[in-house]
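The task is simple: from the sequences and hints, build the whole structure.
Line order of the protein sequences matches chains V and D.
In terms of our numbering, the first sequence is residues 1 to 428.
In terms of our numbering, the second sequence is residues 1 to 428.
Just so you know, these hints were derived from the structure itself, not from any lab.
All figures in this text were calculated on a predicted structure; none of them were measured in a lab.
Please note that the accuracy of each hint is not assured.
It does not matter which identical chain is meant; a pair holds if it fits inside one copy or across any two.
Unchecked claim - With a cut-off of at most 27 angstroms between alpha-carbon atoms, the simulated DSS-like pairs for lysine-lysine come out as follows:
no.	residue 1	residue 2
1	Lys289	Lys422
2	Lys38	Lys85
3	Lys148	Lys289
4	Lys2	Lys198
5	Lys294	Lys400
6	Lys171	Lys78
7	Lys289	Lys400
8	Lys85	Lys128
9	Lys422	Lys78
10	Lys171	Lys400
11	Lys148	Lys13
12	Lys128	Lys148
Chain by chain, the residues:
2 protein chains.
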Amino acid sequence: MKLLTAEQFFQQKQNLTDQTNYRNVDSAVLDIIADVQKSGDNALVKLTEKFDGVLLDELAVSEEEFLEAEKSVSEEFKQAIRTAKENILTFHANQTEQSWFINQPGGITLGQKVTPMERVGVYIPGGKASYPSTVLMNVIPAQLAGVKEITITTPPNSDGKVSPYVLAAAKEAGVDTVYKVGGAQAVAALAYGTETIKKVFKIVGPGNAYVARAKKWVFGDVAIDMIAGPSEICIVADETAPPNFVAADLLSQAEHDEDARPILITTSNEVAEAVQAAAYEQAEQRERKDIIQKSLSTNGRIVLADTLAEAIATANDIAPEHLQLMINEPFENLATITNAGAIFIGNYSPEALGDYAAGPNHTLPTSGTAAFSSPLGVYDFVKKSSVIHYPHQALASISKDITTLADAEGLSAHSYSIHIRKDEEDDA
Amino acid sequence: MKLLTAEQFFQQKQNLTDQTNYRNVDSAVLDIIADVQKSGDNALVKLTEKFDGVLLDELAVSEEEFLEAEKSVSEEFKQAIRTAKENILTFHANQTEQSWFINQPGGITLGQKVTPMERVGVYIPGGKASYPSTVLMNVIPAQLAGVKEITITTPPNSDGKVSPYVLAAAKEAGVDTVYKVGGAQAVAALAYGTETIKKVFKIVGPGNAYVARAKKWVFGDVAIDMIAGPSEICIVADETAPPNFVAADLLSQAEHDEDARPILITTSNEVAEAVQAAAYEQAEQRERKDIIQKSLSTNGRIVLADTLAEAIATANDIAPEHLQLMINEPFENLATITNAGAIFIGNYSPEALGDYAAGPNHTLPTSGTAAFSSPLGVYDFVKKSSVIHYPHQALASISKDITTLADAEGLSAHSYSIHIRKDEEDDA
Numbered sequence: 001m002k003l004l005t006a007e008q009f010f011q012q013k014q015n016l017t018d019q020t021n022y023r024n025v026d027s028a029v030l031d032i033i034a035d036v037q038k039s040g041d042n043a044l045v046k047l048t049e050k051f052d053g054v055l056l057d058e059l060a061v062s063e064e065e066f067l068e069a070e071k072s073v074s075e076e077f078k079q080a081i082r083t084a085k086e087n088i089l090t091f092h093a094n095q096t097e098q099s100w101f102i103n104q105p106g107g108i109t110l111g112q113k114v115t116p117m118e119r120v121g122v123y124i125p126g127g128k129a130s131y132p133s134t135v136l137m138n139v140i141p142a143q144l145a146g147v148k149e150i151t152i153t154t155p156p157n158s159d160g161k162v163s164p165y166v167l168a169a170a171k172e173a174g175v176d177t178v179y180k181v182g183g184a185q186a187v188a189a190l191a192y193g194t195e196t197i198k199k200v201f202k203i204v205g206p207g208n209a210y211v212a213r214a215k216k217w218v219f220g221d222v223a224i225d226m227i228a229g230p231s232e233i234c235i236v237a238d239e240t241a242p243p244n245f246v247a248a249d250l251l252s253q254a255e256h257d258e259d260a261r262p263i264l265i266t267t268s269n270e271v272a273e274a275v276q277a278a279a280y281e282q283a284e285q286r287e288r289k290d291i292i293q294k295s296l297s298t299n300g301r302i303v304l305a306d307t308l309a310e311a312i313a314t315a316n317d318i319a320p321e322h323l324q325l326m327i328n329e330p331f332e333n334l335a336t337i338t339n340a341g342a343i344f345i346g347n348y349s350p351e352a353l354g355d356y357a358a359g360p361n362h363t364l365p366t367s368g369t370a371a372f373s374s375p376l377g378v379y380d381f382v383k384k385s386s387v388i389h390y391p392h393q394a395l396a397s398i399s400k401d402i403t404t405l406a407d408a409e410g411l412s413a414h415s416y417s418i419h420i421r422k423d424e425e426d427d428a
Numbered sequence: 001m002k003l004l005t006a007e008q009f010f011q012q013k014q015n016l017t018d019q020t021n022y023r024n025v026d027s028a029v030l031d032i033i034a035d036v037q038k039s040g041d042n043a044l045v046k047l048t049e050k051f052d053g054v055l056l057d058e059l060a061v062s063e064e065e066f067l068e069a070e071k072s073v074s075e076e077f078k079q080a081i082r083t084a085k086e087n088i089l090t091f092h093a094n095q096t097e098q099s100w101f102i103n104q105p106g107g108i109t110l111g112q113k114v115t116p117m118e119r120v121g122v123y124i125p126g127g128k129a130s131y132p133s134t135v136l137m138n139v140i141p142a143q144l145a146g147v148k149e150i151t152i153t154t155p156p157n158s159d160g161k162v163s164p165y166v167l168a169a170a171k172e173a174g175v176d177t178v179y180k181v182g183g184a185q186a187v188a189a190l191a192y193g194t195e196t197i198k199k200v201f202k203i204v205g206p207g208n209a210y211v212a213r214a215k216k217w218v219f220g221d222v223a224i225d226m227i228a229g230p231s232e233i234c235i236v237a238d239e240t241a242p243p244n245f246v247a248a249d250l251l252s253q254a255e256h257d258e259d260a261r262p263i264l265i266t267t268s269n270e271v272a273e274a275v276q277a278a279a280y281e282q283a284e285q286r287e288r289k290d291i292i293q294k295s296l297s298t299n300g301r302i303v304l305a306d307t308l309a310e311a312i313a314t315a316n317d318i319a320p321e322h323l324q325l326m327i328n329e330p331f332e333n334l335a336t337i338t339n340a341g342a343i344f345i346g347n348y349s350p351e352a353l354g355d356y357a358a359g360p361n362h363t364l365p366t367s368g369t370a371a372f373s374s375p376l377g378v379y380d381f382v383k384k385s386s387v388i389h390y391p392h393q394a395l396a397s398i399s400k401d402i403t404t405l406a407d408a409e410g411l412s413a414h415s416y417s418i419h420i421r422k423d424e425e426d427d428a
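In structure tokens form, the structure reads like this:
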């Protein structure tokens, strides 16, 4: 891991995202989208054969496959899913929003009506790994929002099967509409609909570069959660932080992906040195050692800060997906954190706790986008409508201000729609 | 205006948006963005000369220009701006969100911290028209959210000036950072920064196709409000609706743009006929008669519904930007409205009231996107961070569930970060 001062770190800061620089992927993605728009299910079957190496008879996961999956997973796993589900429900229940109305003098009523989206799609990645936790993290907030139809898509493996863990999690969450489609073709199907897959109004869930770019392209025709980039952990540690804990947490992020960014910011030279040593020592013992070592050496950073204030300012500048505060008085410093997807407080709140079971969402803004984005939440699955009611006299009282502004903007038909109501005698 | 049954309307429904079909505009937009990324202010000056026909000495509006603008607008206009400002403030104050925390047994603390974005950019269109109301509608929610730095960009006219109405509205709203840049180059400058214009974290405000596509491209590097398409009004009217009011309101939408969509859905044949006649009769008298007539004949629709339920189902399917309920018992039917940007209730609540002065935002989801998007609001200018704190024993109690899930997902470094804490003796 590279050792830097806060100033050096800031000077070497990379631009992590540039959404205008994906022309090669985009070209392939646009072809796939056009194919699905034109040929629907046929395109999905053909593209799944091409990319996943399996010719499917049915896109939908059958009831039998669900039963088989449920039988194949352990009781221990089911119990873990139930614990996670309960904690996710408890936390996210605090995010539900109510419609509100206010009355103003003269019989005026204004308000904000909150309505769930009708139908949403959840993308669950496939491939070598399996993501049952992602099923819960995406489905439960949508259900709490009141979304009635939830569709999951996930790529099949070469046997035409879907991870039993994913199916068991879907069943536990109460979703039984699962399609064996992945990649940009799944995003296109969810965005525009096919004979089998109904068009949805929002697409959420992580995926590879093709999934991310497809989501970017269909954004505007449907809503999307975010365009996920490389993910990161940033640990702010003082001399009280146990170096072997810090190292283990950096490694838990590093094992995701060679592009993952494990960053330690510390005010303690001793902690910096001890973490550096412990990280490489621990890496030797981990299964995903190659990925971890690549991530550590390429993207790992240890930033030496002169003061805690400098450490926190650096963290805010990074706007990390995961921020761990392993310092003496973490709660006292919470107010100074302005940019972070999730904030883990103290020595016993590692990222893995939030990834699986504490309750808050693990779908978090990556690559610095926490400066302007939020964790996935119930708020992602509702939309608001303003409500406006003015009686005749109330409209008359404000008419002059409206027509003055409309005339200043050169919109005289707007003015006329006010004038015509002033001239009328009747009231309502 | 074309007269249709609800069934015919549904069958002829057009796909209003397809975000994958703008390759010509995109190519020009990407060149502009690359130019601004590379050459900063120089690119802005050069592109402003090219597109707006004026060579600027200074990108920023000077204090003198502000003073000049203030002198040139009427007292009446200033009063109208103050009325609008007060009503927008009153309504949007209801949207502010607080951080919250919950305590769970075992010393667990979970929460959601709400933080304003640091810096946002507001795009105000220029050209022939002037949009002082748009300044208020975009700036005030950001201020209520707690955003400290707000930057406005707007294209200059060929004299190198900016609309005095826009400047007076900006001054009244308390924003004095205004740059004379428009088009895709303004979006690029806000997204990536130049020597003069600081990078922002969210870009809001309406614009032409180049602005909309530039916003789509930079989305992900910064947040954006929405990608605006053709806008619409949908009036649901029964036999109690005054046809001349209905016609005037359809025309107020039609005058915006030839692509604007004025739609009446009515259960009354008499109202349908009377509105059809009144619309063309009124159009003759309006200044923007040509635009209005084009919009009416191309995109105008009168849908005859058999029942109010069918009328409302049709409106929900359209998911209109503006929905007017001019029916006998509008409040009683409010719960059945699921998709609309703003809902105007009764015969004296025309769209123009909401456009300027009632208080709710006039930046609304267009082209059917109200099915998954909300009006611009205070919530657009904050982001949330999850907060997670577990003490040692609380983590120990949930350890097994976490490691079971991590192992199912093949992420053993996640498991290790939990195991290492179980083995430790100390507590914190």
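Hint check:
no.: 1; hint: Lys289 - Lys422; in the structure: between (76 angstroms within a copy, 22 angstroms between copies)
no.: 2; hint: Lys38 - Lys85; in the structure: neither (39 angstroms within a copy, 48 angstroms between copies)
no.: 3; hint: Lys148 - Lys289; in the structure: neither (43 angstroms within a copy, 45 angstroms between copies)
no.: 4; hint: Lys2 - Lys198; in the structure: neither (49 angstroms within a copy, 30 angstroms between copies)
no.: 5; hint: Lys294 - Lys400; in the structure: neither (67 angstroms within a copy, 29 angstroms between copies)
no.: 6; hint: Lys171 - Lys78; in the structure: within (11 angstroms within a copy, 60 angstroms between copies)
no.: 7; hint: Lys289 - Lys400; in the structure: between (72 angstroms within a copy, 23 angstroms between copies)
no.: 8; hint: Lys85 - Lys128; in the structure: within (24 angstroms within a copy, 56 angstroms between copies)
no.: 9; hint: Lys422 - Lys78; in the structure: between (66 angstroms within a copy, 22 angstroms between copies)
no.: 10; hint: Lys171 - Lys400; in the structure: between (59 angstroms within a copy, 22 angstroms between copies)
no.: 11; hint: Lys148 - Lys13; in the structure: between (44 angstroms within a copy, 24 angstroms between copies)
no.: 12; hint: Lys128 - Lys148; in the structure: neither (31 angstroms within a copy, 46 angstroms between copies)
In this structure, the earlier hints numbered 2, 3, 4, 5, 12 are contradicted, and the remaining ones agree with it.
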